[in-house]
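Participant: Each chain is listed here by its residues.
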Amino acid sequence: MNAETAMASGTGALIRWRSVAALWRRHLQALLRVWKVAITWFVVEPGIALLACALGIGGLVGDVDGGISYAAFVAPGIVVGTAMFHAIFEASWSAFERIDRSLYETFLTAPVTVPEIVLGEIAFASTRALISTLSVSAFAVGFGWIPLGALPGLLLVSVGVGAVFGCIGQLFAALAPSMHTLSLVFTLVATPMYFFSGSFFPVSVLPDALEPVARALPLTPLVDLARAFSLGTVSGTQALQALYVVALVAVLLPLAMMAMRRRLLR
Amino acid sequence: MAMIEARGLVKRYGELTAVDGLSFAVEEGETFGLLGPNGAGKTTTMRMLAGLCPISAGTLHVAGLDVAREARAVRRFLGVVTQADGLDTELTVRGNLEVFADLSGLSRAAARARADEVLAFLDLADKADESVDALSGGMKRRLAIARALVPSPRVIVLDEPSTGLDPESRVRVWEELASLKRSGVTLLLSTHYMDEAELLCDRIAVMHSGRILDVGTPAELVARHGGGRVTDLRPSGARRETIREALSAAGVPFREMGAVFRVSADGATLPALEGVTVSERAPNLEDVFLKVAGRGLSEA
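Note that the protein sequences, when read in sequence, are chains S and F. In this text, residue positions in the first sequence follow my numbering: the first is 848, and each later residue adds one. In this text, residue positions in the second sequence follow my numbering: the first is 34, and each later residue adds one.
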């Protein structure tokens, strides 16, 4: 069985990275065309959330988790939560519009395969997560809530956010019969995780019944990782959390590819 | 060697058989049409060729390559214009072409040069930097064709290339397809327009319910299935009821098409009728199609 055959028979064994890069370039070009609006997504919205939490709630609650200011506690959480929204929006909502306008069909008439389309979307979801992390962190670094040295770690975490939520977004985009039902990805996935993954309060304060659920949420280990980098408390726990993130991607990626294949090739 | 060859091609969707044992061959440089009513299996056949639709049974080859097993290789020289156009509304006209060139493996410089060429060929150069949404329906279709041409394909598959276009835009699309044909490109197109099929196609496969009923040049098809003369009776005073009764009484099969009664017979053989304008003509492809769309050729 030659390489082309492996691909066509659906094993997905062969990925042509040239196609993935071309798709990524297409997505970047589309984003840059609307840069004036995009700036508000990347800067204004997360800036508001950050200021409201750090200054508003921060003034009420004082220190968290033994001597950390609430602003320093919440900042990495908002960095990761915002990155998640960017990744999931790109891979589900924007992607669904591309399916709907037969754009994926056009991509497939070039020498491009379904797994390559999915990888291109996830790569770009990660890129958006990276841009968002850079801009939100810049804010927080400016206010002294995140040390500059934590930035490489946060960027690494946001690639993980892009991968996990890129996969989830693509899975939903492939399975949703309409834009209407697709909105469930925000109601059922993005919003609960934004609030219950330890971004705004430690998961440990939740009732005993809820805590294990919150810990299992895909966003929770990513928030913990970001916070460990930001507060300089990286330990062996983080290795396990990183492993959990990798395992999630290993399970979700083939599922997203299979679902998208069923959706597009009929 | 045939450029496109289908043998016993089948596509099933659960209980429904959309394409039911199709066999045909398209020679290099030929323009081949799939003509048939909606639901005949034209689009499914084209989607199978484009690798967008897994084949249930049978084989499909393009330039000797198996579409099912070498999909990526086939797409290197197969251009596809789908019914939906599939344009990228997030990019400019030029952006659409350059991204497709990138996806097809062209270098940046080659992509730019090729985009310029196809824009000039389809007379879209002055729209290059416009948003896709600013284009008319005809221009959108031409952009979809331009995009398919970017990688210089040897075979182009077009699903209903002129459906939904105004008469002037249709003629432009036809002229552009004709000039592609002159350059030696093999074309496979589906249509339910007789004028389009007759004008563009060297040979036509008449399809119905997922099967090919007959293949031939337009003239051959008309000769085989058009019958003798076709006569239209247009009431000019006579009551429709009277004409209906007279034809039935004479045992002449007829079809009421809007204002006229159409009869597959010589006007002289019909019962004499008062207040009727009789016009007689040779059968054309449309007569063949109407028989097919209604019943299928075998019973026609």
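The set of hints was computed from the structure by calculation and includes no laboratory data. Treat the hints with care, since some could be wrong.
[Said to hold, decoys possible] Non-contacting residues of chain S with respect to chain F, defined by C-beta distances greater than 12 Å in every case (computed):
1. Pro994
2. Leu1002
3. Ser1030
4. Val1050
5. Ala1061
6. Gly1083
7. Val1093
8. Leu1099
9. Pro1101
10. Leu1111
[As the list claims (entries may be wrong)] Computed Cβ-Cβ distance ranges for the label pairs, DEER-style:
11. Pro87/F <-> Pro1059/S: 48 to 58 Å
12. Asp166/F <-> Leu1053/S: 43 to 53 Å
13. Pro87/F <-> Thr887/S: 37 to 47 Å
14. Val881/S <-> Arg145/F: 20 to 30 Å
No experiment lies behind these values; they were computed from the predicted model shown. Every residue, glycine too, gets a C-beta built ideally from N, C-alpha and C.
Participant: Each hint needs a verdict: does it hold in this structure or not?
Facilitator: Results of checking the hints against the structure:
1. Pro994: Pro994/S clear of chain F: closest Cβ-Cβ about 38 Å, beyond 12 Å.
2. Leu1002: With a cut-off of 12 Å, Leu1002/S remains clear of chain F, as the shortest Cβ separation is near 26 Å.
3. Ser1030: holds, 21 Å
4. Val1050: holds, 39 Å
5. Ala1061: Check passes; 37 Å lies beyond 12 Å.
6. Gly1083: holds, 44 Å
7. Val1093: Holds, since 29 Å exceeds 12 Å.
8. Leu1099: Since the minimum Cβ distance to chain F is about 24 Å, Leu1099/S lies beyond 12 Å and the statement holds.
9. Pro1101: The claim holds: Pro1101/S sits with its nearest Cβ about 19 Å from chain F, beyond 12 Å.
10. Leu1111: violated, 7 Å
11. Pro87/F <-> Pro1059/S: 48 to 58 Å: violated, 42 Å
12. Asp166/F <-> Leu1053/S: 43 to 53 Å: holds, 48 Å
13. Pro87/F <-> Thr887/S: 37 to 47 Å: Given a distance of about 43 Å, which is inside 37 to 47 Å, the answer is holds.
14. Val881/S <-> Arg145/F: 20 to 30 Å: Holds, since Val881/S and Arg145/F (Cβ atoms, about 23 Å apart) stay within the stated range.
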